[in-house]
Each structure stands twice: as C-alpha cells, then as structure tokens.
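Asker: The chain contents come next:
Protein chains: 2
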Amino acid sequence: MTRAHNFSAGPAALPQEVLEQARDELLDWQGRGVSVMEISHRSPEYMAIATEAEQDLRDLMGIPANYKVLFMQGGATSQFAMVPLNLMGAASKADYLNTGHWSIKAIKEGRRFGGVNVATSSEDQNFSTIPDRDSWQLDPDAAYVHYTPNETIGGLAFADIPDVGGVPLVADMSSNILSTPMDVSRFGLIYAGAQKNIGPAGISVVIVRDDLLGQAADACPTLMNYQNIADNDSMLNTPPTYSWYLAGLVFKWLKRQGGVEGIAQVNDRKAAKLYGAIDGSDFYSNPVDPRYRSKMNVPFKLQDDNLNAEFLSQAAEQKLLYLKGHRAVGGMRASIYNAVSEESVDALIAFMADFEKRYG
Amino acid sequence: MTRAHNFSAGPAALPQEVLEQARDELLDWQGRGVSVMEISHRSPEYMAIATEAEQDLRDLMGIPANYKVLFMQGGATSQFAMVPLNLMGAASKADYLNTGHWSIKAIKEGRRFGGVNVATSSEDQNFSTIPDRDSWQLDPDAAYVHYTPNETIGGLAFADIPDVGGVPLVADMSSNILSTPMDVSRFGLIYAGAQKNIGPAGISVVIVRDDLLGQAADACPTLMNYQNIADNDSMLNTPPTYSWYLAGLVFKWLKRQGGVEGIAQVNDRKAAKLYGAIDGSDFYSNPVDPRYRSKMNVPFKLQDDNLNAEFLSQAAEQKLLYLKGHRAVGGMRASIYNAVSEESVDALIAFMADFEKRYG
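Line by line, the protein sequences give chains L and Z.
Each position in the first sequence, counted from 1, maps to that position plus 193 in our numbering.
Each position in the second sequence, counted from 1, maps to that position plus 193 in our numbering.
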C-alpha cells in the first residue's frame, strides 16, 4: 500500500495513524467483540469516548468553562440556519462580513430568518483581499457579527480576530479550526464542519458562550436548538457515534503533534514554502493579497489554462491527488490541512518545479 | 478475535462481512492510496459509490420511479420536524397514530408546526396493542397520516400497512426498514435513521413520492427542505460520505442474502424461536398482544426483577451483549435486526433456558 499525497479540499486527508488505529479496532474495539459503530451512544463505554473527545478538544483550544461544546450533524450549512434561529433573538438582525463563497451562503440563509446587514464586502475586488477594518459599517445593535475566518474556495483568510466591540462574534471555522491558536474567549460562537481538520464528514462542532443560549426562535426545530443539545450533552438523539469517535482519535493525534501550537508551526512552514514556490515563479500565480493568504487552502493558476489537464494528469501519476481548483475559481488548489504532511507539500513543490521546467 | 452476540437496540450490529471489507480498504480504497472518507463527495469515484447505493436500495425495496430517495443527516428526530415543515402545506394539520415512545416524540414535535390530531392511541393499554382500525378517528382533510410501524422500545409492530384512504401515509421505519417486504407505493413518505438496519448512526434515508415535494413552509431551513435535497441528489452540502458508503456495503450484503425477501424468512424464524422460548416458559414473559409483536425488538421480563443484574452479567460472560431493556420498560430487550444472525438468537435462547434451570 502506498498512501497518496492528498490535497482534497474536503472531505480531506486524515492522519495515517488515526486511520490505522480505526482499522485495527474496526471489528473488535478493546476486546469487546464489537465495533465502536455497533454500540449504543448511551452505553458507559461509548459515553467515555464522547466525554474524552470533548475534553481533548477543550484542552487543545483552551475553551473556557463558560462555553458549551456541542457535537452536531448537518455541517456548516446547517449552522447557517441555526445561528440566526438561535442567536438573532429580539433584535432580529445581525451583521455579516462578506469575504467569499461561504460568506455569501451564510448571508443568504441568514436573510431567511431576520435582517442581515452586510457590514463589509470585498466582492468588487473578486474576494482577493479583506477591506480595512475602519471601513466596516457595523451596527452596534446587531445580535451578532458573522464572518468566515478562512474562505476554503478563494484561499482568503483573516490575519487576526476582528475587533467588533461588545457584539458577539460568530465564526465559521470549518476550514481552519485547530490549525493555529485562537483565543476562544474573543468569540460568542464558533462552528465547524469536521471534514477538514477534525474528522470525517457528518459531524460538526459548535462552541458557544453559555449566556447566548436560551433565546431560540419559536420556529426552531427541537434538534436545531443549541440549548436542547447542550442540556443533553449532544445526545438528545442518537449522535453520529463513529464520526465522533474518529474526531476523538484526531484530537489525540493532534496532542501528540504538540497540540495546536505544535501543528501551527508545521502549517506555517508548509504555507510559506508553497507560496514561496508560487511567488518565485512566473509560471504559477496566486491572486490573493499576501496579507490575507490562507494557510490551509492555496489556490494557484498556471500561466496557461490549456496546461491544466496535463498538470493534473501528471500530478496524479506522482500520487499528488485532488489538486483541481473549485469551478468558481478555476486553476489549481492545494488544501494543506493539519493532516497533510510537510513531505506531501515538498513533493508537490518538487513536481511543480519539474513541470515548469518542462512546460514553462 | 471473537465477535460478540450483539443485541443492541441501536446503534446496532452490522454484518461482519461489511465490517471486514471496510477494514480492508480503510486506508487504501481501490488502490488509490486514500480512504473513502478522505475524498470529495463531488469526485467521480465518490459519486459512483453514492449512485450505486441509491440504486441498490431502490432494487431492494422496489421503489417506484416517482419516488425520490434522499440521504440526509439528523436521524429520525430531525424528520419529526421535517415532515410537518415539508408536508403540512396549506391544510396545516395532520393525523398521527400513537403506539408508543417514538410516536409520542413525533407527535410532540409535529405540534410545534401545525395541528396534530391523534387519531388513535393505545397509551391507556400501556402500548401493548394496536387499536382496531375501525375505531380510528381519521380526518379526511389531514395533510398526511403519520405512524411508527415498529416501536423500538415497546416491541410493538403493525402487522400490515394501514389503509388510510387517499391521505398520504408517512412512516417512521427506523427500526424495521429492509426487514420485510413493504409495498412502497402505499406510502407518501418513508424515513429511517440508519443505525438499525442500514448502517452506522449519522445518516438517514427518506423515500418520498415526488408530488408531495415543493410545499415546504417559509420557516423551513434550506437543508431541511426535501425539494432542495432532491434537486441536488442529496449533495446540497457535504453529505456524511463514509456512512453513505457503509450503507452501500450493507445494501450489497443484503442482496447477497436474497434481498429483503430472503432476510425476511430468517427474521421470521429468529422471532418465532425467541417468542416461542419466552411463551413456553413461566420464567420469562412478553407483554405485547401476539398479533402485534415486533420481529426486530423483543422485550421480555424475568419472573423476578431482582435477577436482572445476574442475568445481564452471566449473559455478558457468554458474549451475549446489550440485553438490558430500555429504562421506560425495564427488564430485557433483544434487538434482532437483519445483521443479528440466527446463531446469535440460538445462543441467547440456550442461555435463557440454562439460566431458568438454575434460577427458575
């Protein structure tokens, strides 16, 4: 078996050690003669898995005690509805920052449940930058400010946590959670689909400051009400048990890498190398303002789009997979999440240099 | 490795062959050097998995062409909200049959979105039977009639598909889907959480007649609108890809067992043997009207509740696991879904006879 260099944007690469452990205990977990996916979520042995996963996530992110951690289903797209249904409250209005594809999706769904003020947007710059903070039109009476710290498709990322005064800050961290230290206490709510830095698709994490609970709209389905989920330790109904277990294995793996601080150093190196290779060439280019380049998703273009198919085909022969850019952007995209090794990034850079030599 | 006899009510036992295949290709699917859980849901190779799983389910259940098959998240509890949000329409009222724990949950959530008429209930008989059809108070103007063909906790099951005239029939088949042939054309909508007869927790199946789509309430979140899911082949957002793949493996396995017709014969034998053992003893008892006993979930009591702990402990020593009854009912419960072998049921019966000999 040769494992590939997997640059998929999501569902994305998982740590090989995690997959090996999952494989080894797939039919027989801890000598019990059953798989983790075959046991009740309410059994003491499963409850231990669930509790430990939450504690490990709390340790990794330094989550304060006044924040609830929820394990939910439906991915970030479900959260686009849950956030306004739970947090808009009597104000019935919120601010959104528009920095790309996923911001727009959140805004569109938010408008179905209340007033949405787009406080800033870089759409007229093709989402290649983030407007200066002093140009934002924030509403001091907004229920919250929603933003997307890392845009998976555009490869645009905030360099810092924005200051929005006393209004709760809500972040869709699907594609950058656990990749770099973040001060959780700066946020009202953080959510993330698992399928980039946490585990397989089908589970998501919500971290919410407890004073924001308990104001859900009447129209909010029971299973979308954060308060209900919190009151039932994310087991109001059967949770996605196997995905939760795998997320727990990823958290343990991340601790072994030196935690978020440790992996952030690797991530910094990986991104610096790859952007360096792109910027050092006239053959490859990245359109994003260098101040706001994503360390997780690196879109790049070849000098000539007619070479795209050849690039992808030759890359695949070298086991460099899933480099095709999103159709909205074109070109290439290398997603280099936590589980993508520095070795994989090195292999990509070597291939890019070789390809340029032959076609540049 | 010795596999246990697993009688868990859900998440429940999966076929050993399915787990073995999943294990063997966990790190390297079809020689690609990646796991199925590490690839994009929009990649051609994943799309093939998804399409084939749907087709296999259509084959197994004989689903007519005018029914959509949706793969969703959130389990049956999510459907308790989605059904009224999508189907109540202008009528804004529906009939519900109350036959136990899960019926009550569906009714309670349904009431949050419109008028709910409980057309019949066996609550005053402790859900030990199903009221005669001619006593039901059905409303001919109801948007639909909702029922629970198999109550997982009470072990109560409908013997036939009820005749409700021209009103669409909606069934929560979470714990009996694929266990016995069902004429899908008799239903407006069928839903089921996967974690009993389909696969791991975290994915659910919805089968809906296409003329019932397109009337969702304004308050319906985008991801809960069946029409949106159908229009996007269940890929409006990232689906739970690995669970969907595992469900596909279970469908293939079921085809190898002779399909639903084949497994139904095994299920009939398993249930007949176990109820026979219970009824043939003064030591064990089952409270359900024999006409309406579940073939999937068999609750039973010991003569003396003080023996329960000893029974469970000795059973576990024989690798007979997860036999404790639901706290609402007490006693024992053996869930004998498709993946629980006849050999496991035989082992349970032998243990029960031996235990009775020693303690009866």
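By construction, these hints were calculated from the structure, which means they are not laboratory data.
Certain hints may be false.
A pair counts as met if it fits within one copy or between any two copies, since identical chains are not told apart.
To be verified - Here are the simulated DSBU-like pairs of lysine-lysine, each with C-alpha atoms no more than 35 angstroms apart in a straight line:
| # | residue 1 | residue 2 |
| --- | --- | --- |
| 1 | 517 | 445 |
| 2 | 298 | 512 |
| 3 | 466 | 298 |
| 4 | 512 | 445 |
Asker: Against each hint, give a clear statement of whether it holds in the structure.
Answerer: Hints versus structure:
no. : hint        : result
1   : 517 <-> 445 : both (31 angstroms within a copy, 32 angstroms between copies)
2   : 298 <-> 512 : within (33 angstroms within a copy, 50 angstroms between copies)
3   : 466 <-> 298 : within (32 angstroms within a copy, 55 angstroms between copies)
4   : 512 <-> 445 : both (28 angstroms within a copy, 30 angstroms between copies)
The structure meets every hint from the earlier list without exception.
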